[in-house]
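K.L.:
Same order as they appear, the protein sequences are chains A and B. Sequential numbering from 1 applies to the first sequence in our numbering. Sequential numbering from 437 applies to the second sequence in our numbering.
The hints are simulated quantities; they were obtained by calculation from the structure and are not laboratory data. Glycine included, each C-beta is placed from N, C-alpha and C at the ideal position. One thing to keep in mind: the hints can contain errors.
On the chain B side, residues computed to face chain A include the following (Cβ under 7 Å) [to be verified]:
#	residue
1	Arg459
2	Tyr505
3	Tyr506
4	Glu507
5	Leu525
6	Met534
7	Cys536
8	Leu551
9	Ala562
10	Asp564
11	Arg607
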Amino acid sequence: MTHILLRHRDIENIHEIDVYRQHGGYEAWEKCLRELTPADVVQEVRKANIKGRGGAGFPAGVKWGFIPQQAPLKYITVNADESETGTFKDRELCERNPHQVIEGALIAAYAVDARVIYIYFRGEYMDAAYAFEEAIQQAYAAGLIGNHILDTDFSCHFYTHYGAGAYICGEETAMLASLQGDLGQPWAKPPFPAQAGLYGRPTVVNNVETLANVPPVIVNGSDWYLGLGPEDSPGPKVVCLSGHVNRPGNYEIVMGETTYRELVFGEEYGQGIPGGKKMKAMLPSGGSGPVVTEEALDAPVSFTGLEPYDSMMGSASVIIMDEDTDMVWATMKAIEFFHHESCGKCTPCREGTYWLNNLLHRIYHGQGTEKDLRVLESVAKNIQGKCLCALGEFAISPVLSTVKHFLPEYQAKIKAATNGQQKVTSREAAQTPVPA
Amino acid sequence: MGILTEKYADIIEGTLARYPDNRSAVLPLMHLAQEEYGYMSQEAVTEVAEILHLDPTHVQSLAGFYSLYYEDPVGRYVLEICTDLACALRGADEFAEMACNKLGVGFDEITSDGLFTIKHVMCLGACDRAPMLQCNLKFEENLDEAKFDALVDRLRQQAENGDAAPSVVQRISAYARSVQPLEQVEE
């Protein structure tokens with residue numbers, strides 16, 4: 001297929017501005033400046049229904065529409081803090097096809113009349129993001145960023161910013177707090193960033209991949225975009241495939257047209273599981289989305305495809321686990337992440353992830369009791385709906401979903417512990433049959 | 437005047453010029469400070485606070501909050517191995533154990549020659565190329581024991597030759613010099 005987002009896979013050296021422009025690059029940007037009003041741009045993006053690719057799926061055009069036009073100072077912030085376990089798509093886009101992201105961000109700036117764009121990279125991406133800085137410099141030199149862009153009245157500047165290792169800074173208000181030099185902790189909304197964001201000014205926060213969708217929509221029109229995939233999930237999506245697959249990596253699909261089964265086993269994609277093993281479980285949205293089993297494999301990859309299985313596509317970070325995976329261990333690993341990354345602001349999340357981590361370690365290491373299992377569920381349910389941001393909600397989803405799908409694995413470990421037997425090995429636990 | 441203002445006046449100026457509020461420059465300057473001082477020592481914290489007119493307590497709290505800042509001394513080369521779920525499914529825990537055994541240290545310790553510290557960290561966004569690590573923020577991917585040995589040999593050789601440790605931070609910071617300052621943005 002021809003890629004819409006991962007264009008560097010079709011066109012060599014598209015990270016160079018000349019190559020990008022030879023292949024239609026910055027045509028959308030010129031079209032906006034010369035032919036469209038900001039209102040036209042918002043309207044077109046809203047019509048195309050570009051849903052946020054960071055995981056939440058909020059339509060970009062609607063977000064832009066929230067920015068009060070009369071405000072004197074507005075900001076665009078690009079979220080490149082990609083830190084979800086199993087997610088590595090924005091890094092590839094910024095490193096290999098940076099101009100498309102820059103162009104999308106500039107169009108966003110024009111649409112809401114913002115004069116400054118900040119891109120917030122996670123600190124760990126410094127090396128990769130240097131490629132992005134080179135692209136920014138090329139665009140400045142070509143007169144596509146800066147004062148009086150292409151001799152119009154519009155001026156806009158583009159700055160990079162680097163975080164320093166905090167998952168929570170992917171949450172929009174935490175990212176803005178971090179950009180202001182504070183601890184990266186979310187604030188209670190309202191105010192939403194569109195009302196009072198960076199430095200108290202109306203601010204758009206868009207994910208890298210979301211913005212990469214914008215230039216093709218401006219060039220080809222919203223009708224073209226809506227023709228790709230189903231009504232509720234139009235457009236291309238980059239899926240990050242990792243874990244137990246033969247060919248892990250990023251794959252671009254059109255939402256609704258590819259199933260998870262094709263993704264895992266298809267020749268063009270993951271090419272199956274090493275050793276010809278069966279799949280036991282899949283985390284469709286990194287550590288954050290509820291785990292699903294083989295029954296969900298025929299669901300299409302889209303914003304609604306996994307709803308029948310009580311899960312979600314999220315940022316499409318698909319982690320595959322084979323039949324020998326110990327699900328208590330996997331859950332413990334997922335919780336170690338959230339325990340480490342909880343920002344500490346809300347008590348239920350800070351204390352809850354600590355206890356989930358303790359309980360899972362205890363059960364995994366063969367010291368769990370029946371009561372621990374009840375406490376595990378109780379702690380999870382007491383985090384639910386009680387925190388400022390979604391981190392707490394994310395943290396409980398691997399726990400509740402694995403208890404739902406793989407309860408016998410937990411019980412086997414607990415039973416062995418209470419019988420005074422030795423710790424159940426991963427393999428033994430993994431082989432415990434799951435009732436139909 | 438501190439070491440940073442002496443050595444990197446232009447970088448500091450270029451960094452501050454990006455923001456309407458100097459406070460925003462604190463994370464970038466802490467990256468620079470950590471590289472110069474080795475870790476976020478009291479001196480490093482104090483100098484960053486002085487440059488930005490911030491309370492040192494605030495800078496210290498940031499050093500505690502963000503995992504890329506080290507509050508204790510580290511080796512010349514910091515090898516941060518991702519042992520998060522996606523990498524662990526591809527053998528990252530075993531890889532990290534092997535690495536510790538090879539260098540004869542536990543996590544967060546410094547080898548006796550002062551060269552290496554191994555840390556285990558959360559997802560670095562390279563799950564498709566596990567096991568992997570970042571060495572002073574530079575990614576090393578698709579690793580195994582042989583590649584780890586080769587990496588360690590290479591770094592030992594570099595240290596012996598007196599080559600500077602790889603610096604991603606300086607490259608990024610140097611970019612700060614070339615950006616157009618915010619005050620020149622026309623409304």
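K.L.:
Each hint: holds or not?
P.N.:
Checked hints:
1. The beta carbon of Arg459(B) is positioned within 7 Å of a beta carbon in chain A (closest approach about 4 Å), and the interface hint is therefore held.
2. A cut of 7 Å between beta carbons decides the hint on Tyr505(B): the least distance to chain A is about 6 Å, and the hint holds.
3. Restraint check, Tyr506(B) versus chain A: the minimum CB separation of about 11 Å is more than 7 Å; hint violated.
4. The interface hint given for Glu507(B) is violated, since its Cβ lies 13 Å from the closest Cβ of chain A, which is over the 7 Å cut-off.
5. For Leu525(B), the shortest C-beta to C-beta distance to chain A is roughly 4 Å, which falls under 7 Å, so the interface hint holds.
6. Evaluation of the Met534(B) hint against chain A yields a violated restraint, the C-beta minimum of about 19 Å exceeding 7 Å.
7. Taking 7 Å as the C-beta cut-off, the interface hint given for Cys536(B) is violated, the closest approach to chain A being about 18 Å.
8. Annotation: interface hint on Leu551(B) violated; nearest CB of chain A at approximately 21 Å, more than 7 Å.
9. Hint on Ala562(B) holds. Least Cβ distance to chain A is approximately 6 Å, under the 7 Å limit.
10. Look at Asp564(B): its Cβ gets to within about 4 Å of chain A, closer than 7 Å, so that hint holds up.
11. Contact between Arg607(B) and chain A, as hinted, is supported at the beta carbon level, the nearest pair being about 6 Å apart and thus within 7 Å.
Hint compliance for this structure: hints 3, 4, 6, 7 and 8 are broken, all remaining hints hold.
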